[in-house]
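Here is how the chains run, residue by residue.
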Amino acid sequence: GQQVMQIPQYQHVQEGEDFTTYCNSSTTLSNIQWYKQRPGGHPVFLIQLVKSGEVKKQKRLTFQFGEAKKNSSLHITATQTTDVGTYFCAGFGIGGSRLTFGEGTQLTVNP
Amino acid sequence: GAGVSQSPSNKVTEKGKDVELRCDPISGHTALYWYRQSLGQGLEFLIYFQGNSAPDKSGLPSDRFSAERTGGSVSTLTIQRTQQEDSAVYLCASSSRDSLYGYTFGSGTRLTVV
Numbered sequence: 004g005q006q007v008m009q010i011p012q013y014q015h016v017q018e019g020e021d022f023t024t025y026c027n028s029s030t031t032l033s034n035i036q037w038y039k040q041r042p043g044g045h046p047v048f049l050i051q052l053v054k055s056g057e058v059k060k061q062k063r064l065t066f067q068f069g070e071a072k073k074n075s076s077l078h079i080t081a082t083q084t085t086d087v088g089t090y091f092c093a094g095f096g097i098g099g100s101r102l103t104f105g106e107g108t109q110l111t112v113n114p
Numbered sequence: 002g003a004g005v006s007q008s009p010s011n012k013v014t015e016k017g018k019d020v021e022l023r024c025d026p027i028s029g030h031t032a033l034y035w036y037r038q039s040l041g042q043g044l045e046f047l048i049y050f051q052g053n054s055a056p057d058k059s060g061l062p063s064d065r066f067s068a069e070r071t072g073g074s075v076s077t078l079t080i081q082r083t084q085q086e087d088s089a090v091y092l093c094a095s096s097s098r099d100s101l102y103g104y105t106f107g108s109g110t111r112l113t114v115v
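Protein chains in written order, with the numbering used here: chain A, 4 to 114; chain B, 2 to 115.
What the hints contain is simulated information worked out from the structure, not anything from laboratory work.
Just so we're clear, the structure is a prediction, and the values are computed from it rather than from any experiment.
Here a beta-carbon is modelled for each residue, glycine too, at the ideal position from N, C-alpha and C.
Just to be clear, a hint being listed does not mean it is correct.
Claimed, not checked - So the derived label-pair ranges between C-beta atoms look like this: (1) 9(B) - 59(A): 32 to 40 Å; (2) 101(B) - 83(A): 23 to 31 Å; (3) 69(B) - 53(A): 17 to 25 Å; (4) 59(B) - 114(A): 39 to 47 Å; (5) 73(B) - 55(A): 43 to 51 Å; (6) 71(A) - 82(B): 18 to 26 Å; (7) 99(B) - 42(A): 41 to 49 Å; (8) 19(A) - 6(B): 19 to 27 Å.
What the hints assert, rightly or not - Here are the simulated DMTMM-like cross-link-like pairs (lysine to aspartate or glutamate), alpha carbons at most 25 Å apart as the crow flies: (9) 16(B) - 99(B); (10) 73(A) - 57(A); (11) 58(B) - 99(B); (12) 39(A) - 69(B); (13) 60(A) - 99(B); (14) 12(B) - 64(B); (15) 39(A) - 99(B); (16) 12(B) - 45(B); (17) 62(A) - 86(A); (18) 12(B) - 69(B); (19) 18(B) - 45(B); (20) 54(A) - 18(A); (21) 39(A) - 20(A); (22) 60(A) - 21(A); (23) 39(A) - 64(B); (24) 73(A) - 21(A); (25) 58(B) - 106(A); (26) 60(A) - 18(A); (27) 59(A) - 20(A); (28) 58(B) - 25(B); (29) 73(A) - 45(B); (30) 54(A) - 99(B); (31) 16(B) - 86(B); (32) 16(B) - 64(B); (33) 59(A) - 86(B); (34) 73(A) - 99(B); (35) 58(B) - 21(B).
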């Protein structure tokens, strides 16, 4: 079945440093979504990417969808302590009926 | 309602007892999902309901787990003869049919089996 892999599993950064998490699917995706889960909270939808090569920005967050629609990345510029949490990617396979979530990247930001 | 509502928020039960977890999705969302998350881990898919279609039960870990969705709205996840390894946070999510705006998750039920 479809698998979505995410790296790194953990990332510790100093406040102000940049952060990137990568997501790779075993199959071509129709779209990919990103979620953020704060410590003690539940996952919250951030964004959906649909088109090959698509790039979307939300303030300091930049999301990319690969040309082959099999990989994606989330880049945070100049991290802040409010960025702490686990970031999950989740992909819809072509013809799929539900999302397959990656294992998440847990981000820690040291002030 | 405005969001996905789950109850109870916390449940402590003795090993061997049955538990029922409830999820009230966003009104109008046809899709409902149950996930399990152990401490510091990812999201483990359990079951998926879409409208009147037969549910996708492929993630249920054993026959002690079952779920139903009545009237296309509220869902109940039942765990029979609970075991200590069932301790986790159980998350419910709902979405529109095409999930265009993503899944909306509830705050979860933290289940502790003692």
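> Any of the earlier hints contradicted here, and which numbers?
Replying inline: As far as the earlier hints go, 3, 5, 6, 7, 8, 9, 12, 20, 23 and 33 are violated by this structure, in ascending order.
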